[in-house]
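**Student:** This is what each chain is made of:
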Amino acid sequence: MKSSILRAGVALACALGLAACGGGDGDLLLQGTIYGGVTKDGLILVNNGGDDLAIPANATAFQFSKAISTDDEFDITVKQYPSNVKTCTITNGKARANYYTIAQVSIVCEIKTHPLVVKIQGLTTSGLTLVNGTDSKEVPAGATTQAMNPVYEDGAYGIAILKQPSGQTCSVANGTATMGSTDENNNNVVVTCA
Amino acid sequence: MKFPFAQGALALTALLTLASCGGGKETFPITVTVYNVLYDGLVLSTNGQDVAVPKPADTSKPVTVTFPNQIEYGQSYRVLPKGLVYDEKAGTITGTASYPQHQTCDVSTSYPYNLPASGTAGQLAAIQIYYVCTINSYPLTGKVTGLKGTGLTLANGSGVTPVAVTPAVDANNVVTGADVALTMNPVAFNTTYGVTVLTQPAGQTCTVSGGANGNGTGTMDETTEKVDPTTQKNGVNNLLVECK
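Protein sequences, first through last, are from chains E and Y.
So in my numbering, spot 20 of the first sequence is number 20, and the numbers just go up one at a time.
Offset between the second sequence (1-based) and my numbering: plus 1000.
If we strip away everything but chain E, and leave its shape as in the complex, we get (with noise of 0.2 angstroms):
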């Protein structure tokens, strides 16, 4: 008698076991916290490639909508980034679901960056000297172009100057803008100098 409740008893548990592991209804909300990187929308994460959960912008902590039960295997992946991310990094996002490993996973978003390559007309002095900021660059005589630091994609820029050349008084027109999302045209940046 005894021993066939108890084998009642394992089949039953047996069966729930199952159920949870196949129908992935368990009381553990799978979720995580958000570094920085996302200032667009377009982030669409998954776990074991379903269940999609749209980020928004700015988001600083996800949380996916179906519960999952313990030892439940997760695997959170990107399924689409936004348009102006590179790539993001997921840290502990694979694991067997308990109470500590469901809220163990961060994210992190690297925004894309672009070069910022300006015009130079007339240079023909030394010691022009452009900056973006922080990041000052001095530009050699006759140089009709000068690389600046690249720029976050949809960043700020704005070039000025911070030195003029020896002889010569430069001017910038259309300085100050927006990156946009390509390598190359990316801007209207010109130093003309007399």
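Any given hint could turn out to be false.
Result set (DSBU-like, lysine-lysine): computed pairs, CA atoms no more than 35 angstroms apart in a straight line [claimed, not checked]:
{"#": "1", "chain 1": "E", "residue 1": "Lys163", "chain 2": "Y", "residue 2": "Lys1061"}
{"#": "2", "chain 1": "Y", "residue 1": "Lys1082", "chain 2": "E", "residue 2": "Lys163"}
{"#": "3", "chain 1": "E", "residue 1": "Lys79", "chain 2": "E", "residue 2": "Lys112"}
{"#": "4", "chain 1": "E", "residue 1": "Lys163", "chain 2": "Y", "residue 2": "Lys1143"}
{"#": "5", "chain 1": "E", "residue 1": "Lys119", "chain 2": "E", "residue 2": "Lys163"}
Don't read these hints as lab results, they were simulated from the structure.
Dock chain Y against chain E, hints included.
**Tutor:** Just chain Y, lined up with the frame of chain E:
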């Protein structure tokens, strides 16, 4: 034959153990590792001892120093930049610290280097403290004149978020065109700045002047740091954005 030998060994062991317990207190060296030391001038102090932390040959590497004298078991310590005084009752630290030039240093807050700078010798197996220095930043401020339209944003290059400026309004929310204070993000010592108009306000055109070079640009260095009369702090306070 065997027994007496074992007994002898035991007695010897006991004797040695006792000797190590009683024979003078255990002492602890205090070691401090400091990250991002870019200039000379940092002096750390504890238990009446000073140790200078010079700028390393390779400034990307940390500097590790050890105080000249070890402290005894049970003795308390508190490693502070020299000149700072800890008030035990108030729990505050006051004074003018001997930091590296143009830098400020503090106890590391990032794991696993966030170890306390104070304690009692013997609490931990070894006294190891981590400090981190950061370059000082100075305010970059000024004013916007004649602003009546909305939409003005000012950029300082690409590293920082542009600053939006809204026109001054009176008690009835009517635009007055009065001067508006301008506060850009602080600028680190020895780096350049260049303030530009990213977006013009509706119906107006603004131009930037001021800064160390007169055209909204400059380098935050010793010669161009200007003392702010209200805060008595160094920084640039003469940016002028004129809107017409």
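**Student:** Confirm or reject each hint.
**Tutor:** Evaluation of the provided hints:
For the hint pairing lysine 163 of chain E with lysine 1061 of chain Y, the CA-to-CA distance comes to about 33 angstroms; that is within 35 angstroms, so the pair holds. Proposed proximity of lysine 1082 of chain Y and lysine 163 of chain E is contradicted: the alpha carbons are some 40 angstroms apart, above 35 angstroms. Among the hinted pairs, lysine 79 of chain E with lysine 112 of chain E is consistent with the structure: their alpha-carbon atoms are about 18 angstroms apart, no more than 35 angstroms. Pair hint lysine 163 of chain E plus lysine 1143 of chain Y holds up; C-alpha atoms about 23 angstroms apart against a cutoff of 35 angstroms.
Using a Cα cut-off of 35 angstroms, the hinted pair lysine 119 of chain E and lysine 163 of chain E holds, with the two alpha carbons roughly 17 angstroms apart.
Against the hints set out earlier in the document, a violation occurs for number 2 only.
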